[in-house]
Each structure stands twice: as C-alpha cells, then as structure tokens.
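Working from the sequences, and respecting the hints, build out all of it.
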Amino acid sequence: MPRQTPEQLAAFARQLYGKLDQLSYYDLLGVSSGTSLADVRAAFYRMSSALHPDSYHTLADRELKERLETIYARMCEAYRVLTTPEKRTAYARVLTEGKKRLTSTDRESKAPQSPEDSIKHEEAKKFFRLGMLSLGRKDLKGAMMNFNFARSFEPNAAVINQKLVETQAALGKPGGPGAK
Amino acid sequence: MSVVGIDLGTTNSVIATVRDGQVVVVPAAHGGYLHPSVVSFSADGLKYFSREGVARRIVDPKYTVYSGKRLIGLSFRSKEVQRAVARLPYELREGNNEQAVFVGPDRTYTIPEVSGLLLGYLRQCCELFLGDTVTGAVITVPANFNDAQRRATIDAGRIAGLDVLRVLNEPTAAALAYGLGQHMSQRIAVYDFGGGTFDITILQVEGDVFEVLATGGDTFLGGDDLDTALLNILAELFRAEHGIDPRDDQAAHARLLIAAEQVKCHLSEFPEARGELKNIAVSDQGEQLALRFHIARNVFETAIRGLVARTIQTTQEVLASAGLGASQIDEVIMVGGTTRVPLVRAEVERYFARPPRTDLNPDEVVSWGAAIQAENLAHAGENLANHAVLLDVTPRALGIAVAGGFAERILDRNVPVPVEQTRIFTTSADNQSTVRIQVCQGESRRFDENVPLGELELSGIPPARRGEIAIEVTFRVDTNGILRVRARDAATGAAREAAVNVRGGMTDVEVAEAVERQKSQESPMDDSMLPELGEVEELKD
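Protein chains in written order, with the numbering used here: chain B, 2 to 181; chain Z, 354 to 894.
All the given hints hold, so there is nothing to weed out.
List of simulated lysine to aspartate or glutamate pairs, EDC-like, C-alpha gap at most 20 Å:
hint, chain 1, residue 1, chain 2, residue 2
1, B, Lys121, Z, Asp801
2, B, Lys127, Z, Glu802
3, B, Lys101, Z, Glu825
4, B, Lys100, Z, Glu773
5, B, Lys101, Z, Glu773
6, B, Lys121, Z, Glu761
7, B, Lys127, Z, Glu670
8, B, Lys101, B, Glu87
9, B, Lys127, Z, Asp571
10, B, Lys142, Z, Glu670
11, Z, Lys432, B, Glu124
12, B, Lys127, Z, Glu796
13, B, Lys127, Z, Asp765
14, Z, Lys432, B, Glu123
15, B, Lys66, Z, Glu773
To be clear, the hints were calculated from the coordinates, so they are not data collected in a lab.
This is the structure in structure tokens:
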C-alpha cells in the first residue's frame, strides 16, 4: 500500500477504531483461516507499509494518531498470533467460543518451571541452555562442553550435574539412545 | 532547518544527514568522521569534547567522562553500573531516584546531561558544517536497550535542544543503509562489534519492510576488550624491559591504552607492528622510560580468540531463538570498528560460510541509516523513493511482581511493536485500597532476578474481599520501545496511566531544568576551540 493521505487515514480510523473488538485477526489482516504463514506475513507487511506509525509521524491530529496506533498495535498482535503455530491453534479454539482476541486468560495454562530456573549464575544458565540446545541437535560433545562450562560457573547445581551424567552416559555408549 | 541521524556510540559517535538525496557524514574536528564520545570538564567551567576530551583522559582522568553509554538509564545499584564504577577513573555517585551521577569539578551531572552535552556538541559541529540549524534527530541505540535506557537517551537529546524524532535500533539502521531487500525477500544478520558492546540481530527484509526477528548481545564485550588484551601484552613487554608495571600508574595506563588501540588498528592492516612509545612512565631515578615493541598479528589473535569465540557463541544462541541456522541467512552485514580485525571477519565468514558485507564503512553505516530514517520521518506522508518501514520488537519480556516473589509476564520478548497487552489481576488482601504495580524486565520467573523498571500505584479501590477486585493492567510499548502502563479497576473504571517512574532515570522536572540550563549556557562554537592532540607518537612500521 502506498503512503496514505491524512484524509485516507482518518477514514480508515473511522471505519475500524470503533469495531476493533468485533474483528477477528483474519478480518484485520484481510486473510482467511487457511492462509499460509508466508502470506500472512505478506499481508501484514502490506498493512505496515501504510499504517506503521512512522508513516504518519508528521500528522498533527494527536487523537487520530493514537487511534491509528491502537489499530496498528492490534494488527501486530494478529500477526504475532497467526504466525506462531501454537498461538494460532489456541486462537482457532478461542474463535469457536465467539471471541475475537487471544487474551492471556485464554492462554494455555501456565508453563511449568523450566529446568534452568534453579540455576543462579547467569553464565551457568546461559551455557546450560546452550547445552540443552546441543542435546536437541544430538550434538553430545557440544552438550558436554556447554554443561561443563555451566558447571565451572556454578559447581553445585544438581540439574547441571545430572545432565552431565546423562550426557556422559550417552556418549559412552555409541549407538545407544541419543547418539549420532 | 535540517534533521540528522546520530549514532551515539559507547566509544565514538557519528552524525550524518541527507543532502539532495545523498547521505553526508559530518567530519570530525581533527579529521576523520568519528567523534570520540568523551566530555571533559575543567574547573573554570569549560568543557572539552571529542578528541580534545580524549587527550584530557591522560592529564585529567578524574573529570573526563567516557563510555557514558554504559551508564545511561541504569540504576546506580545495577550490576552494570557497579562494574563500570570499579573500572572508570572518574567518580560516580548515587543521586536522586537511584541515578548514577558524575561528580564534576563544579557540580554533579546526571548521565543524560553529560550525553546531552555531547549531543549538543555534535549538533554544533553539524550546524557549523551545514551552515544550517539542526532541529530534529533520529538517535540510534543498541537493539537490546531497555525502556529506561531509551528514555534516558531521549532525555539527553532534549537536553541538547533536539527534537528526538525516533530512537532507532542500530542494526535496523545498518540494514536500512545497505538498502537491502528492495527486490526480494532476504534474511539478514547484522553482526555489530563496536567499541564497547557486541550485538547480533536477525532481520527479515522484504520490499520496504524491515522486521527484526531476533536480537541479542553482550553489553560487556567490545573493541575496548581487545585493546585491553593488547595493553596487557604491551605492559608485560614494558615490565620485562624496565621492571615496572605501567598498569599501576593511571597516566601510564591511559597512554598505553591509547597506544594499544593504535597497535590494534595497525595489526588489522599489517601482519606485525613494531615501534617505540616514548614517555610511558618515569623510573625511580626520574628518567622517562620508553617501550620498544614488536608484536606479530598472531600473538594478538591468540590473545583475543576467546573474545571472538564469545560473539560466535552469542550469534548461535540468537539464531536458535529465531529457529534458524547459519545456512538460512542470505546476507551478513558487518557493523562497528572492531569488525575490521581480520580474525573477526574470518570467524564470522567461517560460521556463516559466506563472506560478510563490508562495502559500507562499518563505523558510519549506522549513522547513514539514522540519517535516512530522519529524512523519512521528516517527510512522512510524502511518497519518497526510499521510504522504509522498520518493524522492531520488544528486546526483553516485561512483567509485574506478583505474590511469592514471582514475576508474571505480560509481554514476551521479540514481540513486534507497537503492542498493547492487558492482563487481569486480583487483590491479595481483604479491603485492599491500593495496589502497587512493580514493573520488571527480563525472562526470569523470579521478580528479583529481573531488572526492576519502576512502579505505579492505583489507589481508591472500594472495600472488598481479597480476590474479588479485578485490576486490569495494560502494557503498551510504542515504536520507540517506550513502555506505558495503565492500571484500571474494572468495576469502578478508575484508572491510572503513567509512563513508569523509572528508577535510575531523570524526572521530567529535572530534564526541563537541564534543558533550560543548557540553552542559557550554549555559546557558538568556532575552530579556535579545537586544539591539537600531540600526546602519542605515531607508530612506525
């Protein structure tokens, strides 16, 4: 979309601002529920071209600016939900209940605490996460290295030591579970 | 009236503008285009900037402020500031509202004031060069700067008499300067290794839209650390020759550090550096001692290999958080002077398995993007050829304190801005009349492991049993990355909206006073204010 004139922007705000809560994310971005991720992105980028606050920076009407920004913020929300697979699934459920927004109360129940929560030292935590990433890639040596780094920052964290033992065991058994 | 783009760096700053559709970088007083981010205060009230300030790091370290960007917008009690205090030769103290303030020869200065003085100097350089007044500016900040740091940067701009059109993320500015994505969709990694910090950002660029997919970095890793590694090599050589450790003497240390930086630049172009540094320290007999040295590039590279590896480690982590691998990146852009170091380029090339882009000057590329965006904003509404839409994300998760010492997240990190999110909370005691909303930034589930940003109070809640009152808390982050928090009693509709009273920040009243003070003290600048630097011998190959 090309840059909009102030009149076009005002008309746009009049049309959408009042009924923002009645529009689904699909309506807002002008896509359908089957639209692929890449096409959702393309639609959002088109909208952004015309409606990102930077494109009406010089607009004098503050109230109009505020309204446009609220509309655009909702489009950002739509984009984020529709391009995150888990959120998109959750949103499909919400829509069947007649709601138009995925709000926090509709969110999946609180995530369980992550294992690294018990690690105090920031560096240890960082290397622990890297170790877990390595494990995910089945890179046992990399995992060993990162867990060892983690332990060097925090020697007494049970969770690190446990992972070290597990990884060591997997490394010792080539062809065993988890090995390359 | 002109608008400009300013890359306000930890070590150097660059200011640029667009003239007749071309980016023009404003030259620095002593040649080149980098203005060292240094302000030196003298007892007679004069202030020295840029390279003149750098010279005074040796003669007047106590009143010469550098690396102000490491302190801006942070609480004095934060570990970053405490760490800086331990390293810096000038005195910092805790001021109002947990701010770090610099103890100058005449009075104390808040950090936004010091940065404001520097920005004012840059503005004057630009006005002198253009022969035109400068009114508005886009100022760049690291992508991982938090709300408070962005706010303090805007305050600094205001103190310098600038209308801050936007604070822009540095990597986005760099991508904009390269003008990528015009005709296709590309994924770009911006590897920014500057004087004081390292940042890595992944962008998706398509047509005129630039979207930040993920960003991360290390605020305590930069070219300065490479300088320190070289300084240690030089100091050991000096000690071997004279039996004195020059690091024990502040002035000798400062001289050696300046030399180390020059040796580093030399080693970036040549396989070895040799030379003589005169007057490094004074012996017990009162005689001036010189250092003769000969350092091969590979000695330097051995010393910095671990530092460079850390940047690759962080890069890998940020890519993983975007669900990407190195092979899915179409283009790598190099930003920051430290990317001139051959080992840095080699390691980046090895990791991404492609040569990085270095065709634009890595020191200037961010200011280019800022200047382009300043021009875009000043002419918003017109259909410019190179208008761009920059989609930024929240650098960190944002949440509030809840019972049990936990933090309840309201906004995730890496969420496109602007964004507005509301969550509903209840009161935790019977007949609670006031709720205090403590805002924090960070990913930890424990409140005290995150960075506290500030707080907001909603009072006048009617008596009710605990849990019966619903308080809606709305977080709104604008395109500058600035957070506003609204708390609303759902039953009565009573609401309180505020920019969070940021700890470590200046109050609006303080900023207004500083703006006035700066206005009344400003004097036009002329070339006579720019004496020569002749402290350090040039290196000879």
